Amino acid sequence: MEITLSPLSPSFSKTFITSLYELKDGERIRTCLQCGTCSGVCPFGYIMKFPPGKMIGALRAEIFDQVIKADSVWMCISCNACAAFCPSNIPITSALMTRAKEEMLLAGNIPSELQAAMENTQRYGNPLGESPRKRADWTAGIQPEVNILSKTRQPVEVLWFVGDYASFHSRMQPATKALAKILNALGVKFGILGTEEFSDGDSQRLAGERGLFEMVAHKNGQLFKKYKFNEIITTDPHAFNAIKNEYPALGIKYPVRHYTQFLFERLEQLKPLMKKEIKARVAYHDPCYLGRVNGVFDEPRALLTAIPGVELVELSHQRMNSLCCGGGGGGMWLDGFQWEKAHTRLSEWRVREALTVNADILAVACPYEPPRFEDAAKNVDAGGQLKVREIAELIAESMEG
Amino acid sequence: MKIAVPVKFVPDLVEELTIDPGGTALDTSWLRLIINEFDDHAVEQAILLKERVGGQVIVAMAEAEGADDFLFASAAKGADQLIRLTGDFSSSNNHALARALADLLKELKPDLILTGVQAHNDLDGSIGPLLAEYLGLPYVGYVAGLTAAADMVTVRKEYAGGLIAEMEVKLPAVLGIQAAEQPPRYVAYSKIRQVMSTAKIEERAVASLDLSGGITISRMFQPEVTERATMMGGSPEEVADKVIEIFKELGTL
Ligand code: SF4
Ligand code: SF4
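One line per chain: the protein sequences are A and B, in this order.
The first sequence maps to residues 1 to 401 in my numbering.
The second sequence maps to residues 402 to 654 in my numbering.
It is worth saying that the hints were derived from the structure and are not from the lab.
Source: prediction; values computed, not measured.
Backbone N, C-alpha and C define an ideal beta-carbon position, used for all residues, glycine too.
Careful: at least some of the hints might be erroneous.
Claimed, not checked - Computed list of lysine-lysine pairs in DSSO-like fashion (alpha-carbon distance at most 27 Å, straight line): (1) K451(B) to K69(A); (2) K219(A) to K451(B); (3) K643(B) to K378(A).
What the hints assert, rightly or not - Rough simulated footprint, nothing fancy, chain B against chain A, three-plus residues with beta-carbon under 8 Å: (4) 113 to 120; (5) 124 to 131.
Said to hold, decoys possible - A partial selection of chain A residues facing chain B, derived with a Cβ cut-off under 10 Å: (6) A58; (7) L106; (8) G108; (9) N109; (10) I110; (11) G208; (12) E209; (13) L212; (14) F213; (15) E214; (16) M215.
Just need the whole structure built from these sequences, with the hints factored in.
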């Protein structure tokens with residue numbers, strides 16, 4: 001797609017860099033060594049006309065309008081790899097990349113797929129453009145019935161923030177049902193927001209739509225206030241990240257954990273329930289916003305190794321060095337745009353890595369991933385022999401024995 | 402150039418449509434409304450034109466849930482004047498709506514009126530030609546792109562089979578927009594929020610609606626299964642097996 005640009009003032013580089021200084025740790029950008037680590041570790045760095053290190057160079061040379069014109073910032077999937085390995089601890093992803101996307105978006109320069117996701121979020125409260133009335137449809141048939149707080153208004157131990165893809169996506173719904181079954185089997189008193197729930201907004205934020213993020217965050221915050229619960233658990237690492245790291249600044253403060261952390265705490269209770277053997281070599285993909293950004297590496301692995309029969313194998317990119325599935329920071333809604341530029345998909349690289357270590361199953365813990373990796377497996381030689389499973393699906397399957 | 406864009410909302414097909422118990426109308430209790438897609442393009446085209454030749458864009462619509470949000474979003478994109486018609490539009494039709502809009506447009510005296518060429522709920526004809534008739538102005542529909550001169554526009558009209566005609570239209574005129582020259586733009590939510598606190602929506606009361614010329618609905622119903630159609634249920638695998646069986650029976654496999 002051609003990006004058209006509204007005229008930028010010559011002082012654009014200056015105003016842009018000043019706006020970075022106002023962000024958390026933004027001043028650190030002054031300490032950039034121009035070492036290029038960020039650009040090297042970036043999965044799409046080789047394709048960006050201005051990878052992160054060069055962006056900072058352009059800022060210093062006061063030619064940042066060229067960066068915006070080049071539109072390669074839409075290749076960034078906010079995976080945080082650059083920031084994690086920057087020797088100067090510069091918040092590259094959260095400050096530089098996110099602000100640059102915001103600038104693109106304010107100028108109206110946004111790829112059409114991403115625009116649709118944003119408009120859907122504004123209108124329906126979810127980027128998929130599904131009817132909000134259908135948000136809790138996945139609960140049909142689950143026994144005991146899932147407690148929808150707007151209907152029952154009962155206090156619960158745990159508020160399960162189900163999230164967009166886990167609620168609506170047909171590939172994710174079986175995994176969502178699996179988690180409901182596990183929670184029921186553990187006797188957890190949990191409830192969901194049902195049709196009232198809004199998108200967590202984190203991926204929209206990382207794709208530059210700060211205003212939209214704040215809008216949905218406040219709507220969720222109002223709902224949290226309405227009901228009684230001790231803590232929040234999420235299916236989605238992005239929701240976990242938003243509620244943990246971003247909502248508090250908006251005055252929305254609640255204890256939150258990813259479901260893998262919550263289940264890990266109950267592992268001893270869970271173990272005797274998992275009777276059926278799943279004899280398979282299982283490779284685990286660390287989701288960026290569970291692992292690299294929030295440091296949750298061990299709990300998902302502990303859950304997997306507790307499943308009888310499972311042999312855990314590590315991918316070549318793992319833990320801090322994990323490779324993004326390509327869905328973060330708006331990447332979920334930039335597939336066409338990024339394919340046009342790169343003619344490759346990160347999810348396909350990842351599937352090849354799993355095949356290289358002879359994995360039978362690629363285990364995941366983020367709702368973007370089952371559809372992404374399953375689609376990718378169809379495009380990779382011998383990909384058909386690889387199964388993609390949510391951790392919750394594997395646990396529930398083992399409990400059926 | 403003063404450009405007026407009358408727009409309307411239509412039922413959002415994201416929700417399943419149900420017929421009300423009377424059997425002649427949609428059940429409105431669950432109805433969600435959305436801007437008519439072609440009207441969205443008309444607004445975009447008007448703003449593109451304003452950016453090229455200068456002038457003023459007026460967006461007008463009948464009141465409805467979500468109408469203000471749409472009007473503010475239009476202002477954030479570049480519309481200058483926002484008008485909401487108030488009144489009882491519950492039993493309205495396009496004839497009545499076009500008459501109400503025509504009264505407003507006679508007052509506003511725009512050089513150019515752009516509106517969506519059609520809408521999926523146009524039961525009694527589309528708004529554009531009705532407006533042109535009531536205003537005594539020329540009308541060209543299925544327009545996808547135009548250039549403007551002082552007292553005339555050159556429009557590109559699409560015909561079936563990939564034919565495109567260019568024609569000159571004397572102003573003032575009404576154009577039915579098929580597609581803007583570029584897809585409707587995105588405005589960041591923060592910009593819409595800003596506009597909400599600064600822009601004003603003018604209200605125009607519509608005293609009574611003249612429904613004459615419209616149609617009477619005798620029955621509204623969901624598509625019915627005809628004898629020739631075979632509905633197949635089951636899992637994707639089962640359906641695939643059945644389809645293959647049918648193809649074999651028909652001799653196409
Ligand atoms: S890794 Fe850090 S210090 Fe090195 S070029 Fe990138 S931003 Fe600068
Ligand atoms: S966040 Fe990931 S994709 Fe974006 S610039 Fe950094 S390494 Fe590259």
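Hint numbers contradicted by this structure: When the structure is compared with the hints, numbers 2 and 6 turn out to be violated.
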